[in-house]
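Chains as they are written, first to last, in our numbering: chain A, 1 to 286; chain B, 1 to 286; chain C, 1 to 330; chain D, 1 to 330.
These aren't lab readings, by the way, just hints derived from the structure by calculation.
Predicted model, so just to flag it, every value in this text is computed and none were measured.
Think of the CB as a built atom: it goes at the ideal place given N, C-alpha and C, for glycine as much as any other residue.
A portion of the hints provided could be inaccurate.
Listed below are several chain B residues computed to face chain C (Cβ distance under 7 Å; list not exhaustive) [claimed, not checked]:
| hint | residue |
| --- | --- |
| 1 | Thr-2 |
| 2 | Pro-3 |
| 3 | Ala-42 |
| 4 | Ala-49 |
| 5 | Ala-227 |
| 6 | Gly-231 |
| 7 | Val-232 |
| 8 | Cys-233 |
| 9 | Met-249 |
| 10 | Thr-276 |
| 11 | Trp-277 |
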Amino acid sequence: MTPVQVRGEVLSIRRVGQYHQLTIVAPGVAEQVRPGHFVAIAVGGETGAQLLRRAFSVYRTQDRGVYGGTVDIVFAEHGAGTRWLSHVRQHDTVDVVGPLGKPFALPKEPVTCTMVGGGYGSAPLFTLAEQLRERGCRVDFVLGAATEGRLFGVLEAKRMSQSVAVTTEDGSLGDKGRVTDVLPGLLERTGADVVYACGPMGMLAAVADVAARLGAHSQCAVEEAMACGIGVCMTCVLPVVGDDGVTRMVRSCIDGPVFRGDRVRWNDVGTVPADTWGAPVSEGGH
Amino acid sequence: MTPVQVRGEVLSIRRVGQYHQLTIVAPGVAEQVRPGHFVAIAVGGETGAQLLRRAFSVYRTQDRGVYGGTVDIVFAEHGAGTRWLSHVRQHDTVDVVGPLGKPFALPKEPVTCTMVGGGYGSAPLFTLAEQLRERGCRVDFVLGAATEGRLFGVLEAKRMSQSVAVTTEDGSLGDKGRVTDVLPGLLERTGADVVYACGPMGMLAAVADVAARLGAHSQCAVEEAMACGIGVCMTCVLPVVGDDGVTRMVRSCIDGPVFRGDRVRWNDVGTVPADTWGAPVSEGGH
Amino acid sequence: MTRLTRVITPESSEIALPDVDMSTRLAGVTLPNPVMTASGCAGYGRELDQFFDITALGAVVTKSIMLQPRSGRPTPRMAETPSGMLNSIGLQGPGIEEFVSRDLRWLEERGARVIVSIAGGSADEYVRLAQRLRHSSAVTAIEVNISCPNVEDRGLVFACDPVASSTVVEGVRRNSAPGVPVFAKLSPDVTDIVAIAKACVDAGADGLSMINTLLGVVIDSDTMRPHLGGVTGGLSGPAIRPVAVRAVWQVHQALPDVPVIGMGGIRTGADAFEFILAGASAVEVGTTVFNDPSAPMRVSYELQQLLGARDFASLGDAVGFAHRPDDEPA
Amino acid sequence: MTRLTRVITPESSEIALPDVDMSTRLAGVTLPNPVMTASGCAGYGRELDQFFDITALGAVVTKSIMLQPRSGRPTPRMAETPSGMLNSIGLQGPGIEEFVSRDLRWLEERGARVIVSIAGGSADEYVRLAQRLRHSSAVTAIEVNISCPNVEDRGLVFACDPVASSTVVEGVRRNSAPGVPVFAKLSPDVTDIVAIAKACVDAGADGLSMINTLLGVVIDSDTMRPHLGGVTGGLSGPAIRPVAVRAVWQVHQALPDVPVIGMGGIRTGADAFEFILAGASAVEVGTTVFNDPSAPMRVSYELQQLLGARDFASLGDAVGFAHRPDDEPA
Ligand SMILES: Cc1cc2nc3c(=O)[nH]c(=O)nc-3n(C[C@H](O)[C@H](O)[C@H](O)COP(=O)(O)OP(=O)(O)OC[C@H]3O[C@@H](n4cnc5c(N)ncnc54)[C@H](O)[C@@H]3O)c2cc1C
Ligand SMILES: Cc1cc2nc3c(=O)[nH]c(=O)nc-3n(C[C@H](O)[C@H](O)[C@H](O)COP(=O)(O)OP(=O)(O)OC[C@H]3O[C@@H](n4cnc5c(N)ncnc54)[C@H](O)[C@@H]3O)c2cc1C
Ligand SMILES: Cc1cc2nc3c(=O)[nH]c(=O)nc-3n(C[C@H](O)[C@H](O)[C@H](O)COP(=O)(O)O)c2cc1C
Ligand SMILES: Cc1cc2nc3c(=O)[nH]c(=O)nc-3n(C[C@H](O)[C@H](O)[C@H](O)COP(=O)(O)O)c2cc1C
Ligand code: FES
Ligand code: FES
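Next comes chain A alone, as it looks inside the complex (with noise of 0.2 Å):
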């Protein structure tokens, strides 16, 4: 895979509960995505204040014969750059780099697999629920957010699942709570082998642990604050432990987003361990 940077046309903008759902032609990326990938999208125009480019998961693609394939992505308002892309109209050009990042990685066999997604988190499992299908793996699904709107695809999670089960934190819809008060009877249930995770830090820390509590494999999706998403800038990295059992601070931008949840130290994000690979930092420059 090797990502590629293209004015991509806006096919359609619409609104799904409280996100805004972007279906942009990108040829060139839409052919490459794997379930997992992410793109990055320049926001605020040419001239504008806002430099960095936001990364969402792509939700999915699709060929579209004479407009080249295309890539929709789920996102929320939430700063500036967020609020002027739910501006965007149909027929706008938006700037684009893609596919990023290392995607989940599926399973030889088929296996058991439960997916997690909190909030728009969910938005890159169900295209990856669909090749695990393929490949024969049984699938459940948990899905949580803070509010009914804020749950994405649980209609479509039905769909291509043996179960769904929804939390929400309001108990607007589904069982009030959040995915791990119901993710270790489902694991226990199923007996999954895999557990596919995306949403806040907060979430997959507590995901990952249950998985390895319950001898489930973990794939993880975290979101850092990237300024380049393309592995150039150092600013996405978090710790994580090495096949030789060094923990480095690893970009999540190119090293991930996926990373194993027994990987990651996740109650260290923030902080560099003192045994990490490089560390104590003296202080120094930028």
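With chain A fixed as given, assemble chains B, C and D with the ligands onto it according to the hints.
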């Protein structure tokens, strides 16, 4: 007149020759405008990189009943700000401050008037001509531009005047040359008492000179780069001789944009003449 | 959350303000509101009074005034830059006499609090300006713009040298009315702003204003020469905000008891809040006024809303809050 | 206008380039193109090579390398700011050994020209880095990042002190291969950048790179603490361009014969042209790469088009052109 700041809805935007004509609902502004007033429009969006408002002469205003008054401007795509403005669409909101500046002085008697407009500089002259005609004045027009597509309002001028002379530098419409090639003849023929001019500084200087030589009073609307448009920044100054004969660096946004042509020291624009009040500048802070 | 008061904004919409004590103490003077205009970005108050009630501000900080009338620099005097602007006005102004008899008088009659910014080419000029203002009842405080070239020392900017800075500040303090605080306005164009800050405080400054503009150049790619008539100019606007917040952070860290007026790129209440958290007791809004003439009032309302949303009962509680120890929660 | 050559841009559109000699001489080394990547904004070249042919650049300037592997600072390491960003990476990197055997080797095999940026915590560390690079054929030039805290002098940044700067530069120059130019990279956070520039040149620097980032702070209004894990960070991007152009302008004015590599907020060919006119012989594109990974090539093409449109036969003719006397036309 008290300028106000309003977020006005864009009622329409359309191309006119090489210009854009923008109609904005601007209640409170529209009602107060007199010919020669300008408005200052924020460009680039609320978190954009362009902080300085752009100044535009008011082309015309209209009372639209339920909507509130509207203001029309005519603008050329020049740099980043006007490019942004050219992309606004119907129902977008634009932040307008106005009316600003000193309008053209109207004669008390029914005198003979010549309007000289360079490029989009003709825009403020049409409502002015209407008001002059209401006062029984004779009105003739000279409209000039580099090329045909940069002329504005030739037909409109024909509807409201005794005569219209057109010059283009490439000869694509009217006489090949500049407004000042035809102006002396016209002034002599009509015996004009007053010349009203709006356009690039070079043109204004030449027009003021012709008018003075032929004994006509001139009123020139200048175009100096403005950071604020409301009189607080002191960027928009030019050397103007006061009633007391003293040259001062005068704010064109507050004391202009319309000046008596014989009071502006055209050849010294861009300098601080040695006899200016408060000159010479010992090297100072900002 | 706390009680809400409804107010009408300059743009005639109604908003709800939480009940936060917005008053701030600046070296013995209490202002009802921490938001002010920045020197050179609000003239002498009259024009902005068309857009909002200037008496509602903490104070109007006037364009730096010199002893003599001054015509300023040739045009172009400004260039727009990414999220900022470069200016080279050259301190155009009427001189202290006309300022006092016309502009200061208007401000006093209007009922506005006034911080008078003064500028000079020599330490003596600053002293004479202070003397002229000493008996004016209209002066709430003095802001000493020391980002001026010292004509007696090869044009070196006072604010770039601790000794020159303290000479000026000492002279102004000595010649000003005792109840009128003197704020020294610092330049960011120095290797060690804390050293300059300390020198000013040691010389008697009651507080510090920061930051003035950064020295910059823009080259015009058409004329292929510097765009400004004066070649160099001062960079201001949101572009410089991180530098300004850093200056306030460092100085508040070193001198926690010295009141600071923060400025540099404030566009929103959240921006003002950054300065307050970093250690400023008040803020000035400069370049943003050109973008939005009612910005000072808007910023004040937005700041009040933010403080309320974070359960601050008073502005004072938020001053320097970002410096609290790591283990202290919000 | 001059003859046109058609080229395919990284984004696969065809553009016409006028026939301008874009080569530039930097202290004895000739580069075919004046546009390079900025240290820390292009890694070691490999990732950008996916977006355009990095051998077409003047050079790849590598992320500053230190003697030992370094984990860098805790996250968050960046904050977006108006037209810029604040970063605090803390010089994360593999250390000189792994750099030479893996990254520098890859660059050499790839056929790219390389300017190696080095950073240290003491003058001795810089010397040892220079020694390690002395026999590498892959090194086109060395850029000495002196914006590092000197651990032996209370963490004072080398670039803020002329003596510390010259000690480092002198040691690097003495221990580098004679044909390899040494560029000292200056910090704008000083009162007098010309004095630092002169000190570096006197100590043997063959040229100067400027500017490094400006020190800044961003406070997070939710946590109400500094946003960056490292509290302060470096401000970069278009926001700082006028400050960078000013630095180049001043230094070229004082030292017209010293080659300068200009950087700070270059986003377009017109921006690069500003630096060239102000006196830079080459430019580096930094933060903009994050916005547009093919920016260095785009900037190079846009610059070439601008030079052609203004009838320059060669880039060299435009270097410092904005300093020409008033009566000399364009
Ligand atoms: C690999 C990856 C995949 C993502 N996928 C999605 C997705 O599918 N849908 C979606 O809505 N969001 C997704 N995000 C988060 C998305 O990038 C942020 O919501 C977005 O950057 C916020 O930008 P803003 O301009 O609205 O916020 P601002 O607050 O203006 O952003 C300021 C800066 O902080 C960064 N930032 C702010 N919040 C986040 C965040 N939560 N994560 C990372 N960086 C942040 C921004 O990128 C920007 O650089 C993803 C992030 C990553 C790293
Ligand atoms: C009183 C007045 C009335 C005007 N009326 C009109 C009008 O009716 N139609 C129209 O098309 N234009 C008019 N202009 C000029 C208009 O303001 C500029 O074309 C516009 O500012 C260019 O902005 P930009 O963002 O496209 O250019 P940029 O080059 O991006 O502008 C950069 C900065 O320079 C200033 N600037 C650039 N060119 C000019 C200019 N020619 N005059 C003044 N400032 C400039 C901008 O305002 C901005 O601050 C008027 C200007 C003034 C002062
Ligand atoms: C056009 C203009 C004129 C200024 N004039 C003065 C001045 O006379 N005295 C002064 O102390 N500062 C002056 N300043 C600096 C501002 O008061 C302020 O310190 C600086 O612009 C940073 O704030 P801002 O980014 O909010 O504008 C001026 C700034 C601008 C933009
Ligand atoms: C994320 C980041 C990392 C940087 N790392 C280095 C570095 O390692 N060494 C160095 O000399 N400069 C470093 N810089 C500074 C840049 O090389 C450059 O001098 C500065 O950012 C100004 O240029 P720009 O505005 O084009 O980015 C870094 C800048 C950024 C944004
Ligand atoms: S985001 Fe730049 S290295 Fe990962
Ligand atoms: S534009 Fe600010 S004073 Fe005229």
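Evaluated hints:
no.: 1; hint: Thr-2; result: holds, 5 Å
no.: 2; hint: Pro-3; result: holds, 6 Å
no.: 3; hint: Ala-42; result: holds, 6 Å
no.: 4; hint: Ala-49; result: holds, 5 Å
no.: 5; hint: Ala-227; result: holds, 5 Å
no.: 6; hint: Gly-231; result: holds, 4 Å
no.: 7; hint: Val-232; result: holds, 4 Å
no.: 8; hint: Cys-233; result: holds, 6 Å
no.: 9; hint: Met-249; result: holds, 5 Å
no.: 10; hint: Thr-276; result: holds, 5 Å
no.: 11; hint: Trp-277; result: holds, 6 Å
The structure agrees with every numbered hint stated previously.
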